[in-house]
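**Student:** Here is what each chain is made of, one letter per residue.
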Amino acid sequence: MLSYLIRRILLIVPTLIGATALIFFVMALAPVSITDALLSREGNLQPGERKAREEYLNRRYGLNKPLPVQYFRWLNAISPVGVKEKGAGFPASWKVGVKWPDLGNSFKQARPVGPIILEALPVTLLIQTISMPLSIAIAIMSGIWAAKHRGKLQDVATGTVLLGLWSLPVIWVAVMLIGYLANVHYLKWFPAAGLHDPRAGSMSFFPGHGSAGYLLDSLWHLVLPVTCLTYGSFAFLSKLTRASLLDTLGADFIRTARAKGLSERVVLYRHALRNSLLPLITVFAGILPALITGSIVVEKVFSVPGMGRLVIDSLLAQDRELFLSVATITLLLQLTGFLLMDIAYAIADPRVSYE
Amino acid sequence: MSDDLPLRRTYLQQVVHDTLVPVASRLGLAWVVCLAFFAVTAPFIANSHPILMQEAGRWSSPMLKSLEPADIVLPVAAIAAAVLLVRRKLSAGQGLGMVAWVSAVTYAATAWPSVRPYYATLRGARLELLSVWAAWTLLGFAGAMVAMMIVLLPIFVLPRRATMVASACLAPLVVLTLVFPVRPPELVVYERYRQKEKSGQITSVLRTLVPYSANDRLRDQPELRLTPPRRGHPLGTEPNGADVLSRMIHASRIALSIGFIATGIAVVVGVIVGGLMGYFVGTVDLLGMRLIEIFQAIPRLVLLVAITASYGRSLYLMMAVIGMLSWTGDARFIRAEFLKLRKEDFVQAAVAAGLPLRSILFRHMLPNGIAPVLVSASFGVASAILLESTLSFLGLGLVDEPSWGQMLNQAREGSGFNWWIALFPGAAIFLTVFAYNLVGESLRDALDPKLLKRE
Amino acid sequence: MENRFGIKDFLLFLVLAILIGMVGLAMVMFDRQYEEIQAIKKQSGEMTADMVAIRRQLAQGVVTAGGAGEARGKTEDLEVFKYVVEAQKKPDFARGDWLIDNFGTKIGRLTPVVSTDVYQTIIEGRVMEGLVTRDPQTLKFVPVLAESWEVSKDGLTMVFKVRKGVTFSDGGALTADDVVFTLNWVMNKDVNAPRARAYLEKLVEVKATGPHEVVFRFSEPYFLNFATVAEASVMPKHFYSRFKPQEFNERTGLLMGTGPYKLADPENWSPGKPIELVRNDRYWGVAPAFERLVFREVEDESASMVMFGNGELDIFGCVPEQYEKLLKDERILKMSQHLKYHNPLSGYGYIGWNQQRKVGGQVVETAFADARVRRAMTLLIDRERMAKEIYLGYATVASGPFDPMSPQSNPEIKPWPYDEVKGKALLAEAGFRDVSGDGVIEGPDGKPFSFKLTYPSGSATYERMVLFVKDGLARAGIKMELEPLDWPVMLDKLKKSEFDACALGWGGVVESDAYQIFHSSQIAGEADNRTHYINKKLDAVIEEARRTIDDEKRMKLWHEVHRILHEDQPYTFMFNRPALVFLNGRLANVGQTKLGLNYVRLSALPIPWYVPKGAQKYTR
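Protein chains in written order, with numbering that gives the first Met the number 0: chain H, 0 to 354; chain P, 0 to 454; chain B, 0 to 619.
Everything labelled a hint here was simulated from the structure, so no lab data went into it. Any given hint could be a false lead.
[What the hints assert, rightly or not] Computed list of lysine-lysine pairs in DSSO-like fashion (alpha-carbon distance at most 30 Å, straight line):
hint: 1; chain 1: B; residue 1: Lys243; chain 2: H; residue 2: Lys64
hint: 2; chain 1: B; residue 1: Lys206; chain 2: B; residue 2: Lys163
hint: 3; chain 1: H; residue 1: Lys187; chain 2: B; residue 2: Lys272
hint: 4; chain 1: B; residue 1: Lys7; chain 2: P; residue 2: Lys64
hint: 5; chain 1: B; residue 1: Lys451; chain 2: P; residue 2: Lys64
hint: 6; chain 1: H; residue 1: Lys187; chain 2: B; residue 2: Lys339
hint: 7; chain 1: H; residue 1: Lys64; chain 2: B; residue 2: Lys387
hint: 8; chain 1: B; residue 1: Lys206; chain 2: H; residue 2: Lys64
hint: 9; chain 1: B; residue 1: Lys7; chain 2: H; residue 2: Lys151
hint: 10; chain 1: P; residue 1: Lys197; chain 2: B; residue 2: Lys492
hint: 11; chain 1: H; residue 1: Lys64; chain 2: B; residue 2: Lys495
hint: 12; chain 1: B; residue 1: Lys593; chain 2: B; residue 2: Lys152
hint: 13; chain 1: B; residue 1: Lys333; chain 2: P; residue 2: Lys197
hint: 14; chain 1: B; residue 1: Lys494; chain 2: B; residue 2: Lys188
hint: 15; chain 1: B; residue 1: Lys152; chain 2: B; residue 2: Lys333
hint: 16; chain 1: B; residue 1: Lys421; chain 2: P; residue 2: Lys195
hint: 17; chain 1: B; residue 1: Lys327; chain 2: P; residue 2: Lys64
hint: 18; chain 1: B; residue 1: Lys535; chain 2: B; residue 2: Lys413
hint: 19; chain 1: H; residue 1: Lys187; chain 2: B; residue 2: Lys357
hint: 20; chain 1: H; residue 1: Lys64; chain 2: B; residue 2: Lys469
hint: 21; chain 1: B; residue 1: Lys469; chain 2: P; residue 2: Lys195
hint: 22; chain 1: B; residue 1: Lys324; chain 2: B; residue 2: Lys105
hint: 23; chain 1: H; residue 1: Lys259; chain 2: B; residue 2: Lys7
hint: 24; chain 1: H; residue 1: Lys147; chain 2: B; residue 2: Lys7
hint: 25; chain 1: H; residue 1: Lys187; chain 2: B; residue 2: Lys324
hint: 26; chain 1: B; residue 1: Lys105; chain 2: H; residue 2: Lys187
hint: 27; chain 1: H; residue 1: Lys187; chain 2: B; residue 2: Lys327
hint: 28; chain 1: H; residue 1: Lys64; chain 2: B; residue 2: Lys492
[Said to hold, decoys possible] To give an idea of the chain B side of the interface with chain P (calculated C-beta under 10 Å), a few residues:
hint: 29; residue: Pro90
hint: 30; residue: Asp91
hint: 31; residue: Glu219
hint: 32; residue: Pro220
hint: 33; residue: Leu223
hint: 34; residue: Glu320
hint: 35; residue: Val434
hint: 36; residue: Gly438
hint: 37; residue: Ser456
hint: 38; residue: Ala459
hint: 39; residue: Arg463
hint: 40; residue: Leu472
All C-beta atoms, glycine included, are put in the ideal place defined by N, C-alpha and C.
If we strip away everything but chain H, and leave its shape as in the complex, we get (with noise of 0.2 Å):
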């Protein structure tokens, strides 16, 4: 099992090494060079400047040398184990040895990427780690219940209902929510925009002192966003905790359970349920990587700045280095997620090995 383990870790690397190359040359074939990008910003330039602007930032970054050349550059920033140069003059001053990882500087915002992602990760964060348990209490409870009523009506149409419910596109979800549910003409029972209030700062924890209170202000700014991410999964998390479900009560021991005399509602918790939820913790940790992707629509249509919307923002900008550094994020989350994904899977069932 260890060596398993180590193996699959190492195997990430390879896979994100490629992953990372083929978004990196992507972008770098692109007909607009970084270079041209950042300079045309600055506007109005003399000859003269222009060629000292473009000298300092090759040098900076990098720019004018050969494609893979940049990216083997990136790749050696990013990676904890690679060559650190030790001063000017090389290469008997390099060194390779383990480092933390430099993920360089936004060319767009001119400042370090770590602390830009560090303000948009725990938004993204926020809004998804309180959307993933919701869906899997509903997704468990309504799993449990269209399998106690298998074959009934009521299992026919929550099945249809939920398959609806995962085809819903999220891009209109957000969109009719906001029109209806946060407009000033329609009902206005929520807000239309960001995470909190501007007097946030000012206010008490809890409600109080002539204002709501930090906590319940936060909270009726995520109502909206969160719903947008959860509908979908817990949708599609039920049908699958429904047909695991009627997967396992169909086995010999539920049988000889039943027929011990025990009753339906201790056989279907204690001894199915249990056994059914492996497919859902291996699907959970599979939806790791939508934690990023997943919220790009729902933060760009709610104004949350968040990294679904760093994405977006970085793209369009070509900003080559923070965008670079969002999707490494992304693909490790979705690598990590796989891995996740087998282990738990190994631990929950002691019939699966991987020797």
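Dock chains P and B against the given chain H, drawing on the hints supplied.
**Tutor:** Leaving out everything else, chains P and B in the frame of chain H:
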């Protein structure tokens, strides 16, 4: 006695039969057929060009004159497909081949007039050298493909009689296009028809059901811009002035074509890669798995946005990219199936008999392993349509063509919430995705061996 | 059997997750409150230090009339504070409350000089001040940090007397050295400010000839020389000299000056943190009314409109549709006030016709090189109708690059009217006719007249405008294709001249220099003459205007420039649009000036608005 024998169906026919049993999937399929109907007949039911009009004593048909090659190829292909489905004389593969051949012939007959001006533009192009080269290659490639299909299909795939019947039916069409070449106008001023009718220049006119084109921005009636549903515009008008119903009908074309073609590319690539991996295990399998992991790891929407933002917006680019990012699921399925099948007797027999590789893979193994790919394809079309809608919603979609996602984005304009532009296109996307998912679900249930055992 | 996960465990997990979530939220909130407490502590620390200093001064028997007091006594009489003092005399005047403004985009940087966006300039204008500024009503220069100045007859030497007794927000005194430091800093090649440097290219030297006297020397007379050096925000030398140019380029939040407001932490702002300016208690001038200025970054237009309706934003700049919609909304009208005003800083929109393109490596003249073709295009675009339909009447058709209310604009020139017949005739004269009968006109080379219009993507208004132009040109037989591009890609294409026509706009200044855009020397490299427009006569007139120091003579030359541009149409000038703004009803003393709203965003003038005591919202 012969009544006691069970009906003989092939595996595929059984699967199709089982899929269509539940009501839900029938409704889903009905919606898809409905949509396909709209997509095929779009220029005939929603067009600003009148079907017939009399101007200064002369009758003419502006609608027919404005048809593009695609507008003719699609109905012809649809009719061919319908005929084949009803008559059931050909196998699935042959049927597909026949439809493809008919389409290729019609396309060649209708597209030849536009080759010359395209060629002329290319020669004196004011474009970058790379674009010129690309355009030349595209032209050459497309031409070669069409020519190949026209010539090779009847020889290798299609039965003799069917080809002759089809040729007989197509002959009048081809002759017609030789006499009246298909040359859609470069520039259209849509409001001229209405203005001329009002001024009396046009004496009698027969219009299409929805008398507005997708790009007719009602320049002669600016007060009708951005109005909710009303008489004459059952779904209202959008911020640029065009009729929403007409745009939705034309957008179904884009949606379905992206769905089908992107999924088609994904299936083809997936089958080839997965098949090779499943058949030649070992190094091929290892490398293939890495490739699959790489492509699966890349978030599709993100890469799509990256490419559109950097390289520009093009329908073909979008189709190609979506296709190239969706093949991993199919590859995995095919690989799993082939891993199981390669140990089967009939495959061993085929190998022992010395059959060529492509025959083993595509004629023997593939038909038996294709089932899960069909399920994946159905869901794949749904997800491709969703992806394109999301991209258009983010503002990176096509410019001239209408798209449901782009219309959804227009609903949120600064001046407030335009409910009719949010409701209808959004519902269209939803219903289409739902329909494909329903069909896919019931296809999956039909293929589920556990369910089969229970029967 | 092993104990597996059960419902109880899952519920436990859920409760745990919720608790963790709440703790997380609480932590974030505590963090913010901690920052606020720090700011308060710092403020009280500074106040204590000031009190100690004052006590010491009193103990030493220093009379308040003199030194800092002298400055304070006379400040109310200064011209620059005229409007604020007037406001203070009003009966319901009260200090306090916050002003919540909104930028429609995320701000990346507040550091002066290296930032290139207008929003940073707005914030800089509140925190820093220059030697002079423009009076919004008279448009004359009034002294701010300068007491007086002298300009030599030839315009090559300027002497400024720097005001005494002024301190920066951290207590450091303002001297001539700070002015010298500011100009030298901008001229420093390592500082990332090429645009600012370009305007200072004629500056030869700046020297401090006394603790409160600065001398500027220029190589050539240029009418913008004075404004460029005199309006530049003065940077405190003791604060900024601590940073090397490279670090300065990269820091996002280094902002400190002498202005009425300051950042609570002048060094450590970073994007994502709220932008809040608090009152500078050490301000040398008349104290402003608002206690705090908050700038939000809500990008989504509909969200910001909703927020304004909720009272979460105090200023909402609208497009015509929103304006009309809000005008019909009873509830909004009750809680707000609105203004439509002419803003010379808003500039003009245009369609630029590229006269030269690279095709297959060779430079080729396009159809637009012929002035008749350009004039025809202008005649074929119905701008009046567009102003009515797209901008709902809230736009005037422009005839040239100058602000129509400014003396630069030639009052005799009226924009070309829409004339389809004349336009087609002009095209025919230039050799463009529909020979093939397919509805598209062909040029003298036989090729159909078709081109692509490049414009910034993402704006619904641009889209409407562009589609209107497309349909209008179609009537004349011209095929126009749309090319929406994102900013970086578009700027790149413009720079490489890889476009046929572009639809864009230029921002305005009080007196603009037509040199950058229309002079033939500005074609190469990075300059702004992107349409390859060459007109030797125009060049000569522009050069002379730049050299002319006498205002009256210069205006006559600008009139000539206007006339030539009107005849030649290198651009089709589209619209000048008034600013439309809705403001929260509790704001008092809102008015109009020649520079727009009397809360002039882009000037160092203090804000003459206030909120009466009873209406104050954020402070009680």
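**Student:** Each of the hints needs a verdict: does it hold here or not?
**Tutor:** Against the structure, the hints:
no., hint, verdict
1, B:Lys243 <-> H:Lys64, "27 Å, holds"
2, B:Lys206 <-> B:Lys163, "18 Å, holds"
3, H:Lys187 <-> B:Lys272, "28 Å, holds"
4, B:Lys7 <-> P:Lys64, "72 Å, violated"
5, B:Lys451 <-> P:Lys64, "26 Å, holds"
6, H:Lys187 <-> B:Lys339, "29 Å, holds"
7, H:Lys64 <-> B:Lys387, "52 Å, violated"
8, B:Lys206 <-> H:Lys64, "43 Å, violated"
9, B:Lys7 <-> H:Lys151, "29 Å, holds"
10, P:Lys197 <-> B:Lys492, "45 Å, violated"
11, H:Lys64 <-> B:Lys495, "21 Å, holds"
12, B:Lys593 <-> B:Lys152, "29 Å, holds"
13, B:Lys333 <-> P:Lys197, "46 Å, violated"
14, B:Lys494 <-> B:Lys188, "23 Å, holds"
15, B:Lys152 <-> B:Lys333, "55 Å, violated"
16, B:Lys421 <-> P:Lys195, "22 Å, holds"
17, B:Lys327 <-> P:Lys64, "47 Å, violated"
18, B:Lys535 <-> B:Lys413, "24 Å, holds"
19, H:Lys187 <-> B:Lys357, "55 Å, violated"
20, H:Lys64 <-> B:Lys469, "42 Å, violated"
21, B:Lys469 <-> P:Lys195, "21 Å, holds"
22, B:Lys324 <-> B:Lys105, "26 Å, holds"
23, H:Lys259 <-> B:Lys7, "24 Å, holds"
24, H:Lys147 <-> B:Lys7, "20 Å, holds"
25, H:Lys187 <-> B:Lys324, "18 Å, holds"
26, B:Lys105 <-> H:Lys187, "26 Å, holds"
27, H:Lys187 <-> B:Lys327, "19 Å, holds"
28, H:Lys64 <-> B:Lys492, "22 Å, holds"
29, Pro90, "39 Å, violated"
30, Asp91, "34 Å, violated"
31, Glu219, "41 Å, violated"
32, Pro220, "44 Å, violated"
33, Leu223, "36 Å, violated"
34, Glu320, "4 Å, holds"
35, Val434, "14 Å, violated"
36, Gly438, "5 Å, holds"
37, Ser456, "6 Å, holds"
38, Ala459, "5 Å, holds"
39, Arg463, "6 Å, holds"
40, Leu472, "9 Å, holds"
Comparing the model with each earlier hint shows violations of hints 4, 7, 8, 10, 13, 15, 17, 19, 20, 29, 30, 31, 32, 33 and 35; every other hint is respected.
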